[in-house]
Structure formats: structure tokens, C-alpha cells
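Asks: Residues per chain are reported as follows:
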Amino acid sequence: MQDKLNAIEKAALESLESVKDQAALDAWRVAHVGRSSPLMQVFSELGKLSKEERPVVGQAANKVKVALEAALAERTEAVKAAALAKSLEEEQLDVTLPGRTVNVGRLHPSTQQLRRVLDILADMGFQVYTSPEVESDEINFQMLNFPPHHPAREMQDSFYVEAGDRGDNPILMRTHTSPGQIRAMREFVAMNPSDPPAIRIALPGMCFRYEQVTTRSEMQFNQVEGLVVGKGITFADLKGTIADFARRMFGQDVRTRFRASYFPFTEPSAEVDVECFVCGGKGCQVCKNSGWLEIMGCGMVHPVVLQNGGYDPKVYSGFAWGMGPERQLLLRYKINDIRYFWGNDMRFLSQF
Amino acid sequence: MKLPISWLKDFIDLDGLSVEDVARKLTLAGMEVDEIHYVGLAMPDYSKGEKHEFKTTGISWQPDKLVVAEIREVMPHPNADRLTLCDLYDGTEQHTVLTGAPNIFHLKGIGKLEKPLKVAWAREGTTLYDGHAEGLVLTTLKRTKIRGVESYSMVCSEKELGISEEHDGIILLADDAPTGMSLVDYMGDAVLDISILPNMARNANVIGLARELSAMTGRPLKKPTIQYATSGESIEGKISIEITNPEMNPRFVLGLIRNVEIKPSPYQIQRRLRLAGVRPINNIVDATNYAMIELGEPLHAFDYDVLTQRAGGKNVKIITRTAADGEKLTTLDGNTRTLTASNVLVCDEKGSLSLAGVMGGAESEVAPTSVNILLEGAAWNFINIRRTAKQHNLPSEASFRFSRGVHPALAEMGVRRGLQLMAEWSGGAVAPGLVDNYPLPPKDVVVDITPKEVKRLLGIDLSAKEIAELLGHLEFECSIHGETVTVKTPPHRLDIGEGVVGVADVLEEVARSYGYDRIPETRISDPLPPQIGNPVHEWEEHLRDLLVSLGIQEVVTYRMTSPEREGRLVRFDEYTRIANPITPERTILRRSLVASVLEIAEKNARAESLSLFEIGPVFEPRKGELPNEPRKLAIVMTGRRLASAWDVKDSPAMDFFDLKGRIELMLAGLRFTDVSYAPTALSAVEGPSYLHPGKAAEVKVNGQVVGVFGELHPLVKEKYEVGDKPVLVADFDLDALRTAGPAYGIVPVPEFPPVFEDIAVIVDESVPAARVEALIKQTGGRSVSAVSLFDVYRDEKIGAGKKSLAYNLTYQSDKTMTDAEAAAIRNKIVKRLAQEVDAKLRS
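Respectively, the protein sequence lines represent chains A and B. Position 169 of the first sequence, counted from 1, bears residue number 169 in this note's numbering, the numbering being contiguous throughout. Position 724 of the second sequence, counted from 1, bears residue number 724 in this note's numbering, the numbering being contiguous throughout.
Hints are not guaranteed to be accurate.
Where chain B lies over chain A, by a calculated footprint (3+ residues, C-beta under 8 Å) [claimed, not checked]:
| no. | segment |
| --- | --- |
| 1 | 106 to 119 |
| 2 | 194 to 208 |
| 3 | 298 to 308 |
| 4 | 321 to 328 |
| 5 | 344 to 352 |
Below, computed lysine-lysine pairings styled on BS3-like, alpha-carbon distance capped at 27 Å [unchecked claim]:
| no. | chain 1 | residue 1 | chain 2 | residue 2 |
| --- | --- | --- | --- | --- |
| 6 | B | Lys25 | A | Lys288 |
| 7 | B | Lys452 | A | Lys231 |
| 8 | B | Lys488 | A | Lys314 |
| 9 | A | Lys282 | B | Lys55 |
| 10 | B | Lys603 | A | Lys334 |
| 11 | B | Lys455 | A | Lys231 |
| 12 | A | Lys288 | B | Lys2 |
Think of the hints as simulated: they come from the structure by calculation, not from any bench. For each residue, glycine too, the CB sits at the ideal point set by N, CA and C.
Can you make the complete structure from the sequences, with help from the hints?
Replies: This is the structure:
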């Protein structure tokens, strides 16, 4: 009997060696430890044995069963491991294939830049004030100290709107956001005419100049202006505020330079240069080797403008500065054609 | 304004300052230098990485190679008739130099010259411009043989030295030019090209700029001394001036010089004029231009004999008056101009002589034969001159200055300087006296300024004395009384106002003179004003973010368009029209934002998938007033739902529901819950008639229409080159949308598990899905927390004119719901649907 058991075990183990997959494992289980396997046959025939033989054979058969089950477990693990190894090997992707895309929306680069500017200004206490894009000559020019026929008007050639004969006060496309200064001041004065409140606002918006559209000039462009009015505002405050703004906008180490200039609605006036943020002031193509980039115009609000806004220039003072988001983008991204902005070619827009 | 550095040095000592130092100081003080053009002086060395702040052009003259030399004899070339050989002395050695210069040809073979010719001579190895080349080409002199004669050096023309384009002959220097001197030391120069701001007309001249530099550097201004001998009969009483409108002509001054010899000006004068951008003509005309560039007062020279002749030998009388409409004048450029009543003329009793302040007349201009010269210096109304120069398209050095304002005090100074120069260069004799009619002197402007005011507006502490000193550099006359500085405007500027304006004007001069760079940077100490924000702007920015998150690209387009462009989509009766359009493409302000965005879709038509939006104003005209500028949102979508890729093939085209889905998400993002959609009625004008009648909807929020959307009408779509896919457009009125109230509060997240169930009902085609959904929601009440349509199905089995709508229902209760409870609700819903819309449950 022992010989028979040995033969059963040997045959089973030998057969297990050729088992390579789950199906063969299942078949092997049926064949060698299943109900009708030779081993189980031995168990079922135990009753036919003598009292003395029964436990001996039973123990021996049990030992074979344990051994075969252990062998099966081991083999099962091995088959699984082999299968996993095989599948891992087979599931190699070409990782250089492009990823799946989704439809992406983006803000127009001008909006993005306007937001950068307005976010910084908001941190500095400047609130957004918007005003119409079509203006009267009075608000766009005269109230801002550009008398009719003044040579300074040559700096801002205008698009006029057909509106019948309005004499010296035609309607035009605003040439700058500064008419918003007059509108804002008058609104603030109306809040408390006896003691008008201080003002700290940012004026963003589209402006228009009578210019041929070329790679370097546009008939339509955004402007953002800052306006501060109060009872103790100085030119030194103007310098400090703009320097703070420039550091936030262009980098903490960026230096600013103030050059005397002329705008009818500010006095003293200045152009602001920042150290070239492309070359760090060493001189490059972008700054035309000067090390400086002209980035905005500014000045103390002209007394006539304060007066026109309803603020007494003997008591109040203020400053204003204006800049162009598109110009900033031209410099920042080395864009060589200003027409890209309103061209809205997806191949341009998708780069922002 | 082009400023030669050598000329500037006549009035201020620049020792120790480089050309760039001067340019930087002027630039920082408001006289922006656009370019430095070197004409001899050493340029910054680019190759060594030296930092240079200005656009730089031109040429440097090698000091050891280019020198002043003298030609002692001009000899014929043995083998060439058109060439000469010059016996030249460079201060140490003699050389034979070959030249073909025509302007010394007449001296060929006359033997040793009585007076040697001073010339600019270039040694072997000199780098200069090739005189024969087109444009500016650098070349280096090499030893060669020309027609058998050895040549290694050259006498130079202006072109070769970079002074001008002139190459008709060699430069003939003044007789006193020191032989052997390095040419750069003798006349090396650099020209600053300066932008003159509208309020700095006073600095459009050499002295003005020298004065500014003097204020910035503390170096003294060397004012010119204008002195000359006079002889002959005085002109006082001989010539009279009648000014008919002093507003237009506040001053008119005349001087006379007799017996001039008209000839070229001295070389150095011609060179300076050329560098300053003025063509030398002859010594008389040059004197007027030279004085103008130096002092800022444009002058005009008349041939006095022509005037006397016109007066029939009687005393000349000059009259200034406005022109008659249609009056004609031939100006000295040879053009006959038709004048209008706003133009001012200088006339004599016979008629007009010149267009005041802009251009002289042909008849009385200085000719090579002129002998006696009457010189005019005047003051004109700057606005009038500006208009006249523009009207006749006559920009000139004179009108440039007069149209920005020239102080009348300069009229007399200018005439005297002009006469002095004419006397020096022409050998003429200045007649004693001037005729001066000065009916309207400008007000003497006096401004009081205090250290307190300086502190209040500039933020710097300056004493009264310091203020007076700073202003004194700019020739303001200051007197101090206690804490007040009384400031009198100098007689060369018209830009200082009175009262608070004057204070600001003077403060600017204090700040510039002190130096903007020395003013500290401080933070605003004034308290923060009331913070009122801008809800409209903030809401629009939020909307932009929402649209971007839905995969829609923002565009920004032109406000100006044309009725034809916009008319492809929609036409209006009235537009806001541009009076002076720059192109026929942009003649009106847009009324439809959708049309603008459609144009962008058209431009990007090659893209497979496009989703675009714009937020901005349209312009509704109002007669004689500013237009209304309502804010709009336009969305345009077309193309495939997904762009093709290696695993995306033939993605379906976007349709009505792609757009509607975005709109639903957008409105949900704005927290609107009461949103409804309905087929939109078509209207012929000013309405959404550009939409497909069966694929168009209007959107209501809280019962108010806020926008329309749908597929573009096939006939409208034909007019756009946007490919074959449907084009979906949406047009929202942002003022309506913004003012609609969003929902308050949130729906709590349920604590108990939901029960899901699908039901499909068969209804007539005419029953809108929204009606079925509304009935389900209504009947289910709070127990049905979500209804979503997941299938719309039609086939023969269902029957013609019928459709099956399949919904996924989510039952929710405030305890765990049983299947039986869910079934009860479902039965109620099915019964209701059967009653209301004759729906049959699909098994």
C-alpha cells in the first residue's frame, strides 16, 4: 500500500511540473486531489482495511495529501507570478504618444495682463473705476487741460463720431482713460460736496488713436491709469507708489527712473523707465541697448484738472499714472507685431 | 531738434562731460535724446561691451590719421585730364595726393598757390565712408597706383567724413585752420536728436538747451554778446509797420543791412547748419537760419530793393493783416497757394509778401544779386500759425517754432543777431536803428511760491533761498520776502501761467532743477479712501473665469466695423458713425458683438474645433449725444467636439446642445436656479433672425429674457467662410443677466442613500422634453432629487410621430427609502404623465 501511495505522489508531482497555467492547475487539482483521484480512492477504500492497517495507511495517505496540496499552492503562486510577469512585459506603452487633450479656454492675453496690473493695484488699495469708451471733447480733452487747438492735442490724434454740430465739443473715441479721472472726481465730490473724500482708483479700458494699423502701431489699445487724490499727496509719494508697483510688476530688484516729461493734465510730469527686465540693465535688443524700458507716464494732477473735477487745488493734491498692458506684453514676451492682439489668431492666443 | 555738440559748447563749458553724459542729463530733464549721431568725436566702444544708453550712429575720426593739411599747389596728373596731383603739407611732411575734386580743378597748373588751401586729409589706413558708394559704406584707404601714379592718402569730401551726403568736391576749411592739427580736435562733432515737448518750445534752440544744461550742472551759461558797428542812414522813420491785429501779431521788428556780398558762408557755419538739418544757401539766408537755431527766433530776409521798387521809391510800409478768402500768394517754394481768412500775411502797400511765420513769398526773396537786405523778426499767435502750417501742409523749422510759441522779446534779439552775422559774413554795413512795432507785450507773469507749498506738493524740504537758487539757474528772477519767493518769469518763456497753475508750473521747474532723481520715494501717508469696489467689473471677471473653465477661449476685437461687415449677420437702421474713418472697413461702432466674434471664427476657420467668447460693449446711437454702451456676451462654437488625435477619429460636430450645455453650466456657475428655455420668436429687424428657426432658443432667468442662442441660419452661414459644420452662437445681455438674482443658500448633501431607477415613456413628438421633466419633478416633489434624460429614441415599434424619453430618477428621502416607497412614487409619476401628456410607460 505504501508503494501505491508513493507511486501516486510521484506521478502527481511529476505531472505538476508541466502545469503552466490556471486551467492546467484546475485540471491537475481534479486529477490528483479531486474526489475521484487515485489518492481519494485510497481514502475511500480505508474502510476495507484491517483495524491495524487503517491508521497506518490513513496517516500515510494524509501525508501525501498534505504534500500534494502544498505543492499545488506553491505551483499556483508560481503560475500567478509568471502570468503577472508576462502581462507586465506585454503591457508596454509607447510613452511618447501624445496625451489626450481636453478643450481648453483661456483669457485673452490683454485680459491676463490687465488682471496682473489690477491685482497689484487692488493690493495697494486702488479700486477699479470704468467709464465710457465714447466721450465728449470736453471730458476727453478740455477738462484735462487740453484747450481746443492746443499743440498737445497733436500727441493724441482722434477718431471723431458724427453727432451734428456740437461746436467746440464734438464726440470722439476716448484717446486715453484719463476722462475717467474727471468722471470719478465728480462722482466722489457728489458723495460729500462739503468735504470730498480722498480717491485711490485704477482706470482700465480700451482707448483709440487715429493711427494706421502696422506692426508697431494700433488704432485701439488698452490703458490702465492710477489716480490718487488727497490732502497730503506729494511727488515723493508718486515716486514711491510707482516704484512699489514696478517692483511688484517687474521684480523686486527692478529699479525705476523718472524723466521729466509733459502731459497737459499733470504737472510736474514724468516718464517712468524701469531697468530692462530682459537683460537686467546690461543692454539688449529689447531695451535697444539703453538698459531701460519706457513703461509709463505720470505726474501730479494738474491744478486745472483738480478744479474741473471739483477738488480745490489749494487743499487737495494728487497724482496719476498711465500704462499700456499690450506694450507690457510686447516687452515681456518679445512680441514683434502688435496686430496679433486684435487679430485673435488661435495660434497666438493658445500660447498664453 | 538736431543739436551739434560743438555749437552747444559756444554757450557752456562741457569739459569733463562725455557726449552721453550731456545726452543723459538732457533726457532726464525732459529733453529726450532719441539718437546720437557721431560726426568725428569718439564713439562708445561696442566691441568691449561698454554700456551705451542711446541709439548711436555715425563715425569716429581716427585722431592720428585724419588731420588738417594744406594744399600748396595743384598740379596736372600726367596720364589723366580729370585728375589732379596736390602738393600737400601735413605739418611735418610733404605728400603728393591724387584727387578728382572739381572744386579745386580751376587751380590746376597755376603754380604755387598764394594762399594754401586748408583741407581735411586722410592718411594711409584711415577708415572712412566710400564717397562713390551708394549710401554709407565704410572703407579703408590702401596704397595703390592710379594711372601710373602712386596714391596712399586722400583729401576728403563731407560724405567721406560722414558730415553730409555732399560729394561734389572736397571740404575747404577756413584759412586759419591749424595745419597738422588732428581733424577731430579741430571739428569733431556729435549731433543729439532731441524731441521737444509741447511745453518746452523755449528749448528748440541751442541757447535754450545750454541754459537747461547750465541749470543741471551749475556751470555758467555763456550768453552771446550781440554787438555790431552801424553806418549810413538810420532806418527809423524810413520804414513803417502797421499791425492790423495785435492778437495775431503782437510784435514786428525790422533791421536793415546795406551792400552785402552774397556768397557761401564760412565752412564751419555751413557744417553746423548741415548737422542741424538745415541746407546752407548763402551767407544771408544762412544767417537767418543760424540765428534761428541758436536763439529760437525765426527770421525772414527780404530784398529791400524789391520792396523799395514796389513802393515806387517811396518809404516802405509793412502791413500785417489776415488774408482775404481766396487770395493767392506764390511762396518761395514756387507754389501758388490759395489762402483763407484765418491766414495772416505780411504785406506792403502793393500787396502780400509772405505767409506770416510759415513761408516767405517768391518775389521778395533774397537773390544772388541782392544788395540791401531788410530783416524781419516777429511774434505770431501760435495757434494760428499751427493751423496755417497744417492747412497748407508746410512744416518748416520756422513754423515748428512759431506754432509752439516764441516769446516776442526774442524778435528784437533775433534781428540783432541776424544783422550781426550778416555783417560778419557778407561785408555789409548795418544801418543804425531798428523799426519796432510792439502793440501787445505778454503779461509779466509773477508767481509767489513758499517752502510750505514745495513740501506739500513735491514732498521735499527746501528753504526759500534754495528755491530761489534753483529757479535762478533757469533765469527766473526771484526775490525773497520772509517765507515767500516771488518769481518773475524770464523773457524767453510763455509757458508759466498764473495763480495755482503758475504755482504748478514753477514747482515743475523747481523739481527739474533739483533733479527728479533726488526726490525721495515715500509711501502715501494720506488715509485709505472709502473702499467701494466695482461690483460690475468683478462680476464680469467672474463670468470670464466661468467661460474659460468651460473650455471657451476669450477674444478681444475691434470696436469699429462697417455696416457691410456686420450686415452679414444683422443690419440696423442707425449706427454710431466715425466722422474720419481711417479705412472703409471701419466706419461705424459695432452694434452686434456676435458679428465681431463670428469674424474671428472665420479667420480661424482652419481650426478643427472652435469655442470663442467675447465680453464687451456694443454702441447704441443717440442723436447728438454719447451712445449707450450696453455690455454683451457673445459665444461662437463650431467644428468637432474634440480635435482629431491618434485615438480620436471623426469626433462628431458640435450642435445646439453642445452650446446649450455650456450655457446651462455657465448659468449654474452664476448660481441661477430659475432658468428656462423656449423656442424664440423671429423678428425681422434688430432681432435674432440670423438663427435657424427650429434650432434657436431664448433663455430666461427668473422669468426675464437674458439672451438668445442657437444654430446660425443656413442662409446667414453661407455668408461666412467657416466650413461645413453647424455654427452655434449665443448673445447675452449682461446688464439683464447681472441684475437677475442668484439663488440663496445651498441644497444640503443627503445623509441617507438614494435609490436609482430608470423609466422610459413614449410621448408624441410635439411634447417638449422640458414639459415631461417638469411634470416628473412636480409630481415627485422633494422625493425626487434628480432627473436626468439619458436617452431619446424613435423607431417603428414605438410608432410614427412618437418618441421615447428615458430618464434616470434619483429618489431621496430623509430616511432610507424602501423599494416599495420608491415604486409608489414612480406609479404616481407615470399616472400623472399619462394624464397630462398621454405618456405610455415603455416596458
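Asks: Now tell me, hint by hint, if it's right for this structure.
Replies: Now the hints, each set against the structure:
no., hint, result
1, 106 to 119, "holds (count 6)"
2, 194 to 208, "holds (count 6)"
3, 298 to 308, "holds (count 5)"
4, 321 to 328, "violated (count 0)"
5, 344 to 352, "holds (count 5)"
6, B:Lys25 <-> A:Lys288, "holds, 19 Å"
7, B:Lys452 <-> A:Lys231, "holds, 14 Å"
8, B:Lys488 <-> A:Lys314, "holds, 21 Å"
9, A:Lys282 <-> B:Lys55, "holds, 15 Å"
10, B:Lys603 <-> A:Lys334, "holds, 24 Å"
11, B:Lys455 <-> A:Lys231, "holds, 12 Å"
12, A:Lys288 <-> B:Lys2, "holds, 21 Å"
The structure fails hint 4 only (numbered hints given earlier).
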